[in-house]
Amino acid sequence: MQVTATLKVTVTFNMINVNSISFGYPHSAPIFQNFNWQIQRGEMWAIIGSSGCGKTTLLYLLAGLCFPTQGSIEIDGERLTRPRPRSGLILQDYGLLPWATVRENAGLGLRVHDFYGEDGKHTPKNFQPENNVGQWLDRLGLNEVADKYPAQISGGQRQRTAIARTLALSPDLLLMDEPFSSLDAITRQDLQNLTLSLCEEQNLTFVIVTHAIEEAVSLGRRILLLDSSPRVFENPQAGQANYRNSKKYNELCNLLWKEMRHETA
Amino acid sequence: MKRRNILFSALGLVVLWQIFAMLVNRPILPAPSIVFIVFIEELKNGLVIHFFFSFWRVTAGMLLSVLVAAPVGLAIGGSKQLDRIFSPIIYLLYPIPKVVFVPVVLLFLGIGDIAKITLIFLILFFQIVVLVRDQAAGLPPQLIQSLHSLGAGRRALFRFIYLPASLPAILTALRQSIGTAVAVLYITELFATKFGLGYYIYYNGSTLFNYPAMYAGVIAMSLLGLGMYYAVDWLERKLCKWKFVS
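From first to last, the protein sequence lines stand for chains A and B. To convert, note that position 1 of the first sequence is 20 in our numbering; the numbers rise steadily by one, no gaps. To convert, note that position 127 of the second sequence is 107 in our numbering; the numbers rise steadily by one, no gaps.
It is worth saying that the hints were derived from the structure and are not from the lab. Just so you know, not all the hints are guaranteed correct.
[Claimed, not checked] Here chain B is said to cover these stretches of chain A; the calculated rule only asks that three of the stretch's residues, wherever they fall, bring their Cβ under 8 Å from a Cβ of chain B:
no., stretch
1, 127 to 135
2, 166 to 178
[Claimed, not checked] Here are the simulated lysine to aspartate or glutamate pairs, EDC-like style, with alpha carbons at most 20 Å apart:
no., chain 1, residue 1, chain 2, residue 2
3, A, K266, A, E282
4, A, K167, B, E21
5, B, K221, A, D166
6, A, K267, A, D246
7, B, K223, A, D166
8, B, K221, A, E123
Note that CB positions come from ideal geometry on N, CA and C, so glycine has one too.
For reference, chain B alone in the conformation it holds in the complex:
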């Protein structure tokens, strides 16, 4: 993604927004110019703090998911026996909307950040496991046979093939789950907190009816997602150099 393209798309969206705002002509859809002024003001007014609370929760949730799910996906993808045992379990649990567990998680883990991070983890875990497993299981057998014939046993196969091969899958899984993670973040921040963009958006929109501030929160959330996309792209360029050569 080129920066210039992002800029143009953003401009296009702002224009559309302006048109809709003029058509609707109600306080619930303020014009972008108004929202931008409020956004700048709100930054000084605590929006930055809400942003960093959200940033910390979603980052921690994603990191935790990668650290737990990637090894699980690797193990299942690398072993037919483990795959037979665990894949059906994963398929049964994957489609359950994890959001329904919000009350359960809150009950057991309390109202702090751990409950919120756990919910993000629960949702991302399955996505990453499935992607990494498929990547590991889909490796060409010739690659594995060549390494076998060089004397590699199971440990060396993991070190020299499965681990590096799963890296792009982990990054793909991360990229795919940023949208979900931020959406879940919003839901988790509706409960039992006074910080975070979810809380900020809901509070301004539904309690204070301060719509420009609500949209300022939406912009902050979208910037949070965009920043994370950029971070994953940057990691991919760093860690998977071979994918970017021509």
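Extracted from the complex, chain A is given alone in its bound form:
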């Protein structure tokens, strides 16, 4: 009896369970074999690794855009078979509609939900999102460019638009794939800080994929280094004020640097 009870507790405790999945693209070596991973609600994860290590693939698996050949991924106890309505995905090149204004792009998620109604498949049941697009544009400083098209605004503003679009759907899981790597250093740091405070404020579970060590250490309280033997580095201070200037931050950056170098050498 005791054993069963413990088991039940662990199952409900994790928000995301990646259960010994295997995955590979056709005609190439498998990327994952019997890979296991658990994410708890409210955790902030960074996935780091060299190009081709499968970090983006792992994020797409979590997003329900591709599926493991073996094993399963469960989010909130439900096996993932399609993109989950309460997961938000943000990509490096924003994925904005070029023919829609910033305001229309930010409201796109809501329009898609209205398009289907509450069918429980594309849209969560009993989900009545308030039309808070204006509020998010305001919060992300996009009011001035709300009626412009993506081609007319800066990269940082485009990524803010993508963030507004995602957050307008009140997600509980935020997935980001190299979201800031094409932005200049200042904008990048602004948006990293914004992401930290938004995750805190909205109580989001957060997974970011990045190839930049500094970004992983700035944003990830737990860092998954993905290579031939994936391992986790704890980084509980991430997000605290001035952490970027601390000794701990530099030490972890150096450690990750060495680990990654070791792997590629």
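Given chain A, put chain B in place with the hints provided.
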């Protein structure tokens, strides 16, 4: 295209025409001044009616092509399976000069406007299908993945991505096919009709040997094409505002 540039180009062409007319110095190439006077006279004399017959046929043919070809191109471009089945068929049929089917179309559809519109449709259909298909197939995958992750299934993808993305392709296809459409129009109007610019040009040139009137018809046909280019440009500015912002 600026109106002023059109005007200057037209003037340049008229000057060239005048030079050639003076060099050739035969009735078959009358000077532009003569043709313009005849053009104005002929307008009162039924040229306007011929113009509107041609305008109706070419517009109907183009509209019909867009309405049929755009959804077909979208469907093929949006689905790999459909593309595998239909693209080879299209590639086999596309290069066939559709004009060779004039007798067949006349036989089956009669000598009325439907046969003429069908011929224009047959030629434009393939151009529009191919352009719209390429546009739909060439959409960046990130755009589709983002929308997927917002909960969009196939229907929403069509509504929010494929349809608006294909609009510029449809307009491009239309613009590219205006020249062909008007040329085909001429051929279709050679048969079994007493109205239309094609008939008017052929009748004046080859039966009456009234060369100034023939050129008046050519001018009317070129104005028809120009008007259609302007109409497509206007539509593009209306429907694709995002392409004109800087």
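Tested hints:
no.: 1; hint: 127 to 135; result: holds (count 7)
no.: 2; hint: 166 to 178; result: holds (count 4)
no.: 3; hint: A:K266 with A:E282; result: violated, 24 Å
no.: 4; hint: A:K167 with B:E21; result: violated, 51 Å
no.: 5; hint: B:K221 with A:D166; result: holds, 12 Å
no.: 6; hint: A:K267 with A:D246; result: violated, 23 Å
no.: 7; hint: B:K223 with A:D166; result: holds, 14 Å
no.: 8; hint: B:K221 with A:E123; result: holds, 14 Å
When the structure is compared with the earlier hints, violations turn up for hints 3, 4, 6 and for no others.
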